[in-house]
Each structure stands twice: as structure tokens, then as C-alpha cells.
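**Student:** Next come the chains, spelled out residue by residue.
2 protein chains.
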Amino acid sequence: MYIDTSILNNVAIVLVRPKFPENIGAAARSAMNMGLSRLILVSDREPDKEAMAKMATHKALHIIEGMEIHKNLEDALAPFAYIIGTTARRGRQRGSERSPRQLMGELADFLPNNQAALMFGPEDSGLSNDELKYCQAVSAIPTAGFSSLNLAQAVAIHCYELYHCLIHDQKDLEPVTRCATSFELEGMFQHVEEALVEINFLEEKNHSYWMNNIRKFLGRMQLTSKESNIIRGICRQFMRYQEHYEDR
Amino acid sequence: MYIDTSILNNVAIVLVRPKFPENIGAAARSAMNMGLSRLILVSDREPDKEAMAKMATHKALHIIEGMEIHKNLEDALAPFAYIIGTTARRGRQRGSERSPRQLMGELADFLPNNQAALMFGPEDSGLSNDELKYCQAVSAIPTAGFSSLNLAQAVAIHCYELYHCLIHDQKDLEPVTRCATSFELEGMFQHVEEALVEINFLEEKNHSYWMNNIRKFLGRMQLTSKESNIIRGICRQFMRYQEHYEDR
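Those protein sequences? They're chains R and P, same order as listed. Quick note on the working numbering: the first sequence kicks off at 1 and runs consecutively. Quick note on the working numbering: the second sequence kicks off at 1 and runs consecutively.
Only chain R is shown next, with the shape it has when bound in the complex (with noise of 0.2 angstroms):
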């Protein structure tokens, strides 16, 4: 089967604050040894140029000077309606890691239709739970003992997985249709989260551990943009319904 390669200009890189300049560069030239060339960065400085030129190397510069640079994690992920985020295997509490091999076959069939997302967090911490609940599933790769990887060596290795699954496995895409984007469903866990606030359902106690489970199962349903907007519409009306009650 032949795939047209085009389809990774649909996936991005999201680096969330790295530490080191260098770990950007290096992560820009294993996205153009796998034929990807979008890079986010959600920052609120400006990295050293030379620094990531450097590990870029002169053919991955490009990749730099595109680079789009945002302060807001929520505004970077808004266009996407897949996104991966990556954390350092960490036993069983989190429960819903998955490897890179699985998840990047998944994200193939989501790239014809859609824009897809892979998010690194910052060298010392990875990812915190606020920033991993924007994410359609979490990857992990399989380690020994020792399961901190260095940052751009992990973006290396899930830049090559997906490489490797679409274009050296010759994957068979099953295509999922288009999917509501992150700013789509942000627009509706809002609107979810009021209606549920104001039927008591989500109390101060607990408020986010519940919201973050039941962002958890819409979130993976793979929601159009048109479910999405019945759903917020639902809570809309509800609101407007109790709105017109108490004023009665």
C-alpha cells in the first residue's frame, strides 16, 4: 500500500518548558530524520538560538526558525484533536500509559483527518496531571530500572516509532474521521463543568478529581465537532432552563 508521507506534516511536536536549549535543537533533527517538521514550544522565554542551532544541525534549522513559541499550553494544543502525552513509566498509579509502538500505530489512522500532537514535559518533572488531562491517551516507553529518558532521546524514539509504522511497516491506515479539536472540547468541558456545578454534582471538595474523570471518558470518545457542540448545547440549555426557573 502506498502511503503518502505528506500526512506527517499533521503531527506536531509540543515541548513543554525544556530546561536546555540544546534538548530543542536535538529534538528538531530527530523530527526531520522521521520526516516531521513542526515544533511547538510552550515557554515563556526565549531559548538560546545558537544552542539549539547547534544540536539542530543545519539541516534541521528550519525547524527552529518555524518554531511557533507559546506562553499558554491550553492556546498551543487548541488546534489539535489527538494528543499524546508522554511520561517516564511510573508503575501502576497512573494505569493508562501505553507504549509508543501501540500509540503511534493509533495516531496513523487519526493523521489523514486530523491534526495530531506529541507532548513532551520539561527534563526534571515531565508532565504534571493539570498539563497530561489535555491528552487523548499517555505514552510511556519501556524501560529497565532506571525510566527517566533524556528528553529529546524520547522524542527520538516516539519520532521513529511513527516513522517506522507508517512508512517501513507499509501500515494499513484505517482513517478516523475528523475529530472536534482541543479547542472545541475545552469550549465544551466548560460548559459541562458549569451545568454539573450548578446541579450540585461537583462540589468544592473533590470538584477536580471528578471533572478530570469525566474529562477522562469524553475525551477519548472521539467526539465530532458537531457531538461536541450537541453536548455543550445540551448544557447550554440546561443553564438557560434553570436560569428561567429561578427567575419565575
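Source of the hints: derived by calculation from the structure; they are not laboratory data. Every value quoted in this text rests on a predicted model; they were computed, and no experiment measured them. Some hints could be false.
Since the list can't tell identical chains apart, any single copy or any two copies may satisfy a pair.
As the list claims (entries may be wrong) - Listed next, the in silico DSBU-like pairs over lysine-lysine satisfying Cα-Cα at most 30 angstroms (straight line):
hint, residue 1, residue 2
1, Lys-49, Lys-19
2, Lys-19, Lys-216
3, Lys-59, Lys-71
4, Lys-216, Lys-49
5, Lys-19, Lys-205
6, Lys-54, Lys-71
The hints should help you fit chain P onto chain R, whose structure is shown.
**Tutor:** Same frame as chain R, but now just chain P:
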């Protein structure tokens, strides 16, 4: 099937004349992530300890501290019976390159009874043909257009594939019996070469071209120590016979 991870102690990472000590440190960290612990450096000079240690992190410091350093590649490779060299993908002129996924699966079968080495060349030029001649197989990571990976990332991807195939995929091992080591094979090649010079099969012109071809198929044969000794014995006996013949 239960796989004893201690067989990973039978694999060494061999770095040939790396330019940047940071890459040695990062390779040590990757090795540690994936359950490997043996690192060998082929170099004329001692690399900067601080730069290595920084990238190794304290978790892989013992790998740096226990690293063997050799000036000579042949000496470094002497104990190994299965040696995989790595190159950037270079079209078809080398012909025998295969993917790390295939090769790490085969390598695993050697580990119960043999010492094996994964060999990586310098950042800028990679392994020369003269260095690749020691290898039983050559690995090239599949890439998009830009095929030159960062050294530490090439190490990471190979270590990851080996660990993944052994532990995560729970590969069924089909153990290969003990093969001749590189030391034994080099001794044999020397005797074969002398005999072939004597009968004028190897003439000055194209000497190394034909010798390299012979090395290739003899190196691939997975000869046992005993078999390599038989071949040596035949060559030695032939030379003795020749001397005797000339004396008459």
C-alpha cells in the same frame, strides 16, 4: 515465557572515536534505561569526565566509571562473537544494511551463549568500511530524507529496540550456540589471507577487495571456535606443505 534480563550483560555498546563526551554520557544513560551496562570506548584520548557525567546523570555514572577504553578497535572487539555495526542509510551501495528492529531480534538469540557488540562510529563520518569489516551485520535506522542521526539518539534507538524485543514483546529466544569470537576469527582470517596470497589468489591489485568479500561470507557463517580452528589448520598445513615443497 520468562526472559532472564541478565542476558543483557552480554551486550556491549562500542563507541568508536566519538568527538563529544556529552554523547558518551547520553549513551550511558540510554544503556541504563534499557538494562544494558557495558560501554566500551575506542579512542586515543581520555574524554572529559565532567561533560560525560552530566549527560549520564548519577543513575548511569557507574557505567561511565566502569567503561573500558581501547586505542585499537581490533582489541576492543576481540571478545565478541556477534558484532553489529551501524551506519546512516546510504541507498543501496552497501546492500547488506538491515533495520534495528530485525537485527535486535536476531541479536537476542545470540545472547544466551555469546558476547555481542553494538558498534557506533564518530558523529561526523560514521564507521569506515575498514571498521565495518569486523561486523557480522550492519544496521541502518529507517529515516526520511535526512538520514544522519545524532550519535546518542542512534544508540538510544538500538538499546530501546533490543529491550523492547526481549522484554516487552517477550520474544521466544532460539539460542544460537557459542560462536567463534572476533579474536578467533581475526586469527583465522590472517591464516586464510596468507594462504590465498601464497597461491596468488590475492594479488596486490584488488587484494583487499577480494579479501573483504571472503571476510564477509566467512564472518556471516556463525562458525564455532572448532570450525574456525579447522579452517586455520587447513591453511597452516597448506603453508607448511608449500615450504616443504619449495625446500626440495
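**Student:** Classify it for me, Lys-54 with Lys-71: is the Cα-Cα distance of at most 30 angstroms met within a copy, between copies, both or neither?
**Tutor:** both (24 angstroms within a copy, 29 angstroms between copies)
**Student:** When no copy is named, should Lys-19 and Lys-205 be tagged within, between, both, or neither for a Cα gap of at most 30 angstroms?
**Tutor:** neither (34 angstroms within a copy, 56 angstroms between copies)
**Student:** One pair to classify: Lys-59 and Lys-71, alpha carbons no more than 30 angstroms apart. Within, between, both, or neither?
**Tutor:** within (27 angstroms within a copy, 33 angstroms between copies)
**Student:** Measure nothing new, just compare the shortest in-copy and cross-copy C-alpha distances for Lys-216 and Lys-49 to 30 angstroms and report within, between, both or neither.
**Tutor:** Cα proximity of Lys-216 and Lys-49: none, with 37 angstroms in one copy and 46 angstroms across.
**Student:** When no copy is named, should Lys-49 and Lys-19 be tagged within, between, both, or neither for a Cα gap of at most 30 angstroms?
**Tutor:** both (13 angstroms within a copy, 22 angstroms between copies)
**Student:** Treating 30 angstroms as the Cα threshold, decide for Lys-19 and Lys-216: within, between, both or neither.
**Tutor:** The answer is within: 29 angstroms in one copy meets 30 angstroms, while 47 angstroms across copies does not.
Checked against the numbered hints above, the structure violates hints 4 and 5; every other hint is satisfied.
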